[in-house]
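Now for the letters of each chain:
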Amino acid sequence: MPAPMKIGIISESPADEMAVRVLVEAVLGVDVKLVQPSLRARGWPSVAQVLPAVIRHLHFNTDAAGLVVVVDADDSVVHTAGHEREGYYHPRCRVCQLRGIFRQTTKRLPAARGRDRLLRCVGVAVPAVEGWYLCGRDHGVTEHAWTDGQTSGRMPYTRAQLKMRVYGTDRPSLAHEIECAMREVQRHRRDTRRLENDFPGFESMAKDLRDWKTRLATTASLAKSASLALAKPA
Amino acid sequence: MIGPNGSGKTSLILALQRLRSLARLPLRNPPHREADERIADAPSAGLAACATWPPHKEADGRVADGRIADGHIADGPEISWHFTPPFDGVMAVMRCVSETECDFLDVVPLPSGAGRGDWPKLRVALAGIRCYVLDHRALASRSLSREGAELKGDGANLATVLAALQLHAPGAFDELREALCRILPEYDDLQWAFANDGTVELQLRLADSGGLVAAEHLSQGTLYLLGLLALAYDPTPPPVVCIEEIDRGFHPRLLRDVRDVLYRLSYPEASGLKRAPVQVIATTHSPFMLDLFGEHPEEVVLAEKHGEAAQFSRLSDRKDLTDVLDGGGLGDMWYAGILGGVPQECATQESAPPFETDKTDRSDQSDQTDQPDQSDERGEADNLP
Numbered sequence: 041m042p043a044p045m046k047i048g049i050i051s052e053s054p055a056d057e058m059a060v061r062v063l064v065e066a067v068l069g070v071d072v073k074l075v076q077p078s079l080r081a082r083g084w085p086s087v088a089q090v091l092p093a094v095i096r097h098l099h100f101n102t103d104a105a106g107l108v109v110v111v112d113a114d115d116s117v118v119h120t121a122g123h124e125r126e127g128y129y130h131p132r133c134r135v136c137q138l139r140g141i142f143r144q145t146t147k148r149l150p151a152a153r154g155r156d157r158l159l160r161c162v163g164v165a166v167p168a169v170e171g172w173y174l175c176g177r178d179h180g181v182t183e184h185a186w187t188d189g190q191t192s193g194r195m196p197y198t199r200a201q202l203k204m205r206v207y208g209t210d211r212p213s214l215a216h217e218i219e220c221a222m223r224e225v226q227r228h229r230r231d232t233r234r235l236e237n238d239f240p241g242f243e244s245m246a247k248d249l250r251d252w253k254t255r256l257a258t259t260a261s262l263a264k265s266a267s268l269a270l271a272k273p274a
Numbered sequence: 002m003i004g005p006n007g008s009g010k011t012s013l014i015l016a017l018q019r020l021r022s023l024a025r026l027p028l029r030n031p032p033h034r035e036a037d038e039r040i041a042d043a044p045s046a047g048l049a050a051c052a053t054w055p056p057h058k059e060a061d062g063r064v065a066d067g068r069i070a071d072g073h074i075a076d077g078p079e080i081s082w083h084f085t086p087p088f089d090g091v092m093a094v095m096r097c098v099s100e101t102e103c104d105f106l107d108v109v110p111l112p113s114g115a116g117r118g119d120w121p122k123l124r125v126a127l128a129g130i131r132c133y134v135l136d137h138r139a140l141a142s143r144s145l146s147r148e149g150a151e152l153k154g155d156g157a158n159l160a161t162v163l164a165a166l167q168l169h170a171p172g173a174f175d176e177l178r179e180a181l182c183r184i185l186p187e188y189d190d191l192q193w194a195f196a197n198d199g200t201v202e203l204q205l206r207l208a209d210s211g212g213l214v215a216a217e218h219l220s221q222g223t224l225y226l227l228g229l230l231a232l233a234y235d236p237t238p239p240p241v242v243c244i245e246e247i248d249r250g251f252h253p254r255l256l257r258d259v260r261d262v263l264y265r266l267s268y269p270e271a272s273g274l275k276r277a278p279v280q281v282i283a284t285t286h287s288p289f290m291l292d293l294f295g296e297h298p299e300e301v302v303l304a305e306k307h308g309e310a311a312q313f314s315r316l317s318d319r320k321d322l323t324d325v326l327d328g329g330g331l332g333d334m335w336y337a338g339i340l341g342g343v344p345q346e347c348a349t350q351e352s353a354p355p356f357e358t359d360k361t362d363r364s365d366q367s368d369q370t371d372q373p374d375q376s377d378e379r380g381e382a383d384n385l386p
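Taken in order, these protein sequences are the chains called A and B. Just so we're aligned: the first sequence equals residues 41 to 274 in our numbering. Just so we're aligned: the second sequence equals residues 2 to 386 in our numbering.
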């Protein structure tokens, strides 16, 4: 059984953190272990403000392999395939903003703790993480439905309505929020394809995570080659 | 309720306490024959207050609205209280002989609404108003085992209240214990030490070692949390609860749990409870606490002082709130001064007028500004961070 991968997750609530952890494990196919103390932000724009310090902290002070950042899109511009173009950056897209912060912060950091840099994973839930929780249960809730609503000016649902559908109230207690979030993400524990299909904001997060696997495998392979080369007699 | 120090937050709570006190006394002008009977099942009474100065007095002694001026009373300010159903047909008016002394209470039937003849019931509900300034020393103190009916204003009988809850409402007590141990996982139980002198002391059991920590050695925040939980898990809480400095002693991350405790009181159905909602009036100076109400700005009241007058306004009345919150959380915007409700500073004595809540439609003005259209897709390589 592989050792758990040590990572950091920064999100907006303990409920999000627990649910995101399940989804990360589902994509990676391995157990993850979170750095302590757990990381937390007070919603947007607090996440963007603390992220550089969080990245530096994890890079220098912990052996975390990567950092997963998950925020709600709220009413911001939704990330699209067009934003993925080389060199493109949309100033009101949270995926672009968070990736930009990662890029800016990590590009000058020296190697530390046996790794070149902290791996990046960014997920933006459109319009809120409750949308992900409803995926596979409420077929009308998709990222596409939301962006269609933004285009037409007729939003299919509000964030408060999504909360009502998930928690049965728009004022859930933290304990109830965690219970509901954990119940809903169980649907995606074995297969995240539906979530990736309905929510491209999750799909891009899953791509980042799969890229981790590739990078970590390459790093391990290079390390093995180097050690073999060192062991070989001249 | 948020606002700078001295903006009237505590004064409003004191006015509520005054209303409760005056409601116990005979009315100045009883609307009907008063019944002194006690009603066991007092309904909840939601409150809204409005303080007004008396209308201009005419030369003949009549006031501008036609009423005869009543000596000193008519010269003083008034505080009128409106109620939610089932008492929305009644207004209670506290009449003051000076700016600081309110000695008379009138009950005025309104043209419409329910409860116009139900002053005795409303009176019982008002008698249930409770105000708390929890004190960690009082919360930690031993209390007499006969003092467990209701939490005192400073929390001095906490130990007995919780012991009584376990005895009389074990289900509610179990929920309280579960909530406590979830919020503070270093503990796994509440226990009591009974002394020969008839006093009881609260103890918490450490989850790791099983050791007992006496109340006097608990942190202030732990004691405040216990006090709030005692209120929130009371099966028959008061109809109106006022709590000063609700965030005091808590780590910012625990404020979400504190808010949940308040919501359990005021939205019992969301917690699966069938009792009447409690109106909670809590003050805070914490931007972190305020952040937790970003989705419900209608629950936030901003207190501001203009000259000698305190003004209270609901945050949701602010027309540009959505635009303001686009730039950050409520707490940040409050601290920045954009929401108002911040202390005056020597260099900025000329305070800005209160924020605009009129009906002027300013939605089309944004088109005339020089603001860039942020909906445009832009930011190619030159914008790349």
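Hint data in this document are derived by calculation from the structure and do not stem from the laboratory. As the structure is a computational prediction, the values presented were derived from the model and not from experiment. The reader is advised that the hints may include incorrect statements.
As the list claims (entries may be wrong) - Which chain A residues stay away from chain B? Per the calculated CB distances, all over 12 Å, these:
#1 G69
#2 L214
#3 I218
Stated by the list, open to error - As a list, the in silico SDA-like pairs of lysine to any residue whose alpha-carbon atoms are at most 25 Å apart:
#4 A:K203 / B:L168
#5 B:K275 / B:L26
#6 A:K203 / B:L274
#7 A:K203 / B:R276
#8 A:K203 / B:P87
#9 B:K275 / B:L168
Glycine included, C-beta positions come from ideal geometry on N, C-alpha and C.
Outcome of the hint check:
Non-interface status of G69 (chain A) relative to chain B is upheld: no Cβ of that chain comes within 12 Å, the nearest being about 30 Å off. Distance check for L214 (chain A) against chain B: the nearest CB is about 6 Å away, which does not clear 12 Å, and the non-interface claim fails. Distance to chain B contradicts I218 (chain A) as a non-interface residue, since its nearest Cβ pair spans about 9 Å, not more than 12 Å. A C-alpha spacing of about 37 Å is found between K203 (chain A) and L168 (chain B), which places the hinted pair above 25 Å, so the restraint is violated.
For the given pair, K275 (chain B) sits about 32 Å from L26 (chain B) by alpha-carbon distance, which is inconsistent with the 25 Å threshold. The suggested pairing of K203 (chain A) with L274 (chain B) holds, with an alpha-carbon distance near 19 Å, which does not exceed 25 Å. Restraint check for K203 (chain A) and R276 (chain B): the C-alpha separation of about 23 Å stays at or below 25 Å, so the hint holds. A C-alpha spacing of about 30 Å is found between K203 (chain A) and P87 (chain B), which places the hinted pair above 25 Å, so the restraint is violated.
The straight-line distance between the Cα atoms of K275 (chain B) and L168 (chain B) is roughly 21 Å, inside the 25 Å bound, and the hint therefore holds.
In terms of the numbered hints stated before, the structure departs from hints 2, 3, 4, 5 and 8, listed from lowest to highest.
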